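The chain contents come next:
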Amino acid sequence: MLPAGERNRIKGYAIEVSNLSKTFGSQQVLSALHFQVRRGSVHGFLGPNGAGKTTTIKIILGLTSADQGQIRVLGQPLIYGRRHNHLRYLNYLPQDPVFPEGLTGAEALSLVAGVYGIERSKSRFRINKLLDHFDLQDAANRRVGVYSRGMQQRLGLAAVLLTEPELLILDEPVSALDPDGRKRVLEIINKLKGRATVFFSSHILADVERICDYVTIINKGRKLLDAKIRDLLNRYAIEQYNLTVKPEHFQLAANLIRQNSHVRKVTAHLNQLTVISKPGESSKMTEEILYGLVNSGVVITEFTPTRTNLEDAFFRVLQEYQQVE
Amino acid sequence: MRVLLAKELKSNWRSFRYPAFLLIILFFALLDPLMLKYMNEILEQFAMGIEIIMPDPTPQDAFLSYLSDVSQIGIVVLIFATMGLVAREKETGVTGWLLSKPVSRWQYLFAKLLSLYGLVIVGIFTGSALAYLYTTSLIGQPPLAGSVMATLNLVIFTLFMATLTYALSTVLKSPLQAGGITLLIFFISGMVNMIINRSVAAKFYPNSLLTLMKPLLDGTVNNTESTGPLTITIILIVLLILFSGTWFSRLEL
Chain A
1 MLPAGERNRI KGYAIEVSNL SKTFGSQQVL SALHFQVRRG SVHGFLGPNG AGKTTTIKII
61 LGLTSADQGQ IRVLGQPLIY GRRHNHLRYL NYLPQDPVFP EGLTGAEALS LVAGVYGIER
121 SKSRFRINKL LDHFDLQDAA NRRVGVYSRG MQQRLGLAAV LLTEPELLIL DEPVSALDPD
181 GRKRVLEIIN KLKGRATVFF SSHILADVER ICDYVTIINK GRKLLDAKIR DLLNRYAIEQ
241 YNLTVKPEHF QLAANLIRQN SHVRKVTAHL NQLTVISKPG ESSKMTEEIL YGLVNSGVVI
301 TEFTPTRTNL EDAFFRVLQE YQQVE
Chain B
1001 MRVLLAKELK SNWRSFRYPA FLLIILFFAL LDPLMLKYMN EILEQFAMGI EIIMPDPTPQ
1061 DAFLSYLSDV SQIGIVVLIF ATMGLVAREK ETGVTGWLLS KPVSRWQYLF AKLLSLYGLV
1121 IVGIFTGSAL AYLYTTSLIG QPPLAGSVMA TLNLVIFTLF MATLTYALST VLKSPLQAGG
1181 ITLLIFFISG MVNMIINRSV AAKFYPNSLL TLMKPLLDGT VNNTESTGPL TITIILIVLL
1241 ILFSGTWFSR LEL
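Chains as they are written, first to last, in this note's numbering: chain A, 1 to 325; chain B, 1001 to 1253.
It is possible that part of the hints are untrue.
Unchecked claim - Computed list of lysine-lysine pairs in DSS-like fashion (alpha-carbon distance at most 30 Å, straight line):
1) K1101/B with K183/A
2) K1090/B with K1173/B
3) K1010/B with K1214/B
4) K1101/B with K223/A
5) K1101/B with K129/A
Treat the hints as calculated values from the structure; they're not laboratory data.
Values in this document were obtained by computation on a predicted structure and should not be read as measured data.
With the sequences and hints as input, model every part of the structure.
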């Protein structure tokens, strides 16, 4: 058996989901869902509340059955109800980490090391290192039940990293962390790129944008989009600019810009104009309006392009989907 | 398996569920022989002016009193202590968390069963040994073979009730449902036992294990009298384990 880092260099997918459907009673939770997660990538799994993210994760983990569809995890087909060897190379962090009642932080980590069959000498070293890293050394011998939510989430992350898995499935891993804790966790995930596959859901889209290579967006159990982050941002880039001029030139500038044939929309807010170009015409538009304004004697004090972020793109994807529906 | 077993013992010990059962056994093991020994003196204190004379307690009476208390109050405490064995972890999400790791569903259940059986067997046999020694030093020596057989009957019946609690805790959603239904079955089975006490059915009825404790201690029945109810109770235990395990292996978490 190859070590985790080596196994991640194997070509193919860490997770392959095809035609996955699931119904709870009369409610269709997943409908012909399909996506792939590349080995060694950091893959964001996004969707509004109730989109079916947690159900998908539970099916991938073998905790819930699917009505239809196939799943392969680390190359192995997943059959519900069977014992799967791939769980040895996978570790999961639930949205609200829970640990067996009465155990201390250190004991909870020892339990995880034990079920993964990590040698005692190795696990002791790793546990100490992780407790230090997540600032839990002082609380190591306290019961997890008295930990704050943030501490429990840090302990949960320590439990996931302890086993050096080749596939990490993280459900909202930074939701309860303070900015410093969040930053550290994101750095860790970033460092795992290429060595392990990280599949994670998050509502903090700025984090997803910062560290993910790929993203899958689902809504109402259906896949809306599956793309590289960069491609997604390019595809949904809003060609938008903010323009500030001398107050006495404001009206003239607004009129001139509105007359330009490449402009789709102009909005005014205080002394600032927000200009959106027609798709694919942004460079022509900026060239023409800047030239026109300067020639008309308008003094421009600020002209900045607005960068499209994942949040904008996410909402535009959802909007498109709702329009299609 | 060893890791899961250690987790079970730590969790249940620290949450005071297992110590509660052990303390109740210890309580009756130490209190019952003492109570019987000094019953006349105790009654004298309360019944002023009235003379109540109780017959001198026999060693069998003292030991049976301990066994009877454990078979009633001890079992009720055990039901309360173990009704959340699986249901509580399903509710909190610990089950899902553990089963997302290389732990099979049967391993998860067997660790729980082993710890529970360990508690019942060690607890009751230790309690009986204490009660036996205490009775011997205070009142006199109960018959050893009868005491062992009566204790064995109690252990098997308690294991049956423990397995029933565990099985319902595995199948049902909440600890309260599991505990409530087990208690109901416990009381109803006791009442049914009184009705069928002298019929042929009693020879195979699990509660007969408790009824036989007195004649076993007194030496008025042969040890083989317990074979029928013992066999049926063990079969029921195995069936409960298989049923709950099969159910749990298909359960969506």
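Here is how each hint holds up against the structure:
{"no.": "1", "hint": "K1101/B with K183/A", "verdict": "27 Å, holds"}
{"no.": "2", "hint": "K1090/B with K1173/B", "verdict": "8 Å, holds"}
{"no.": "3", "hint": "K1010/B with K1214/B", "verdict": "36 Å, violated"}
{"no.": "4", "hint": "K1101/B with K223/A", "verdict": "27 Å, holds"}
{"no.": "5", "hint": "K1101/B with K129/A", "verdict": "22 Å, holds"}
Checked against the numbered hints given earlier, this structure breaks only hint 3.
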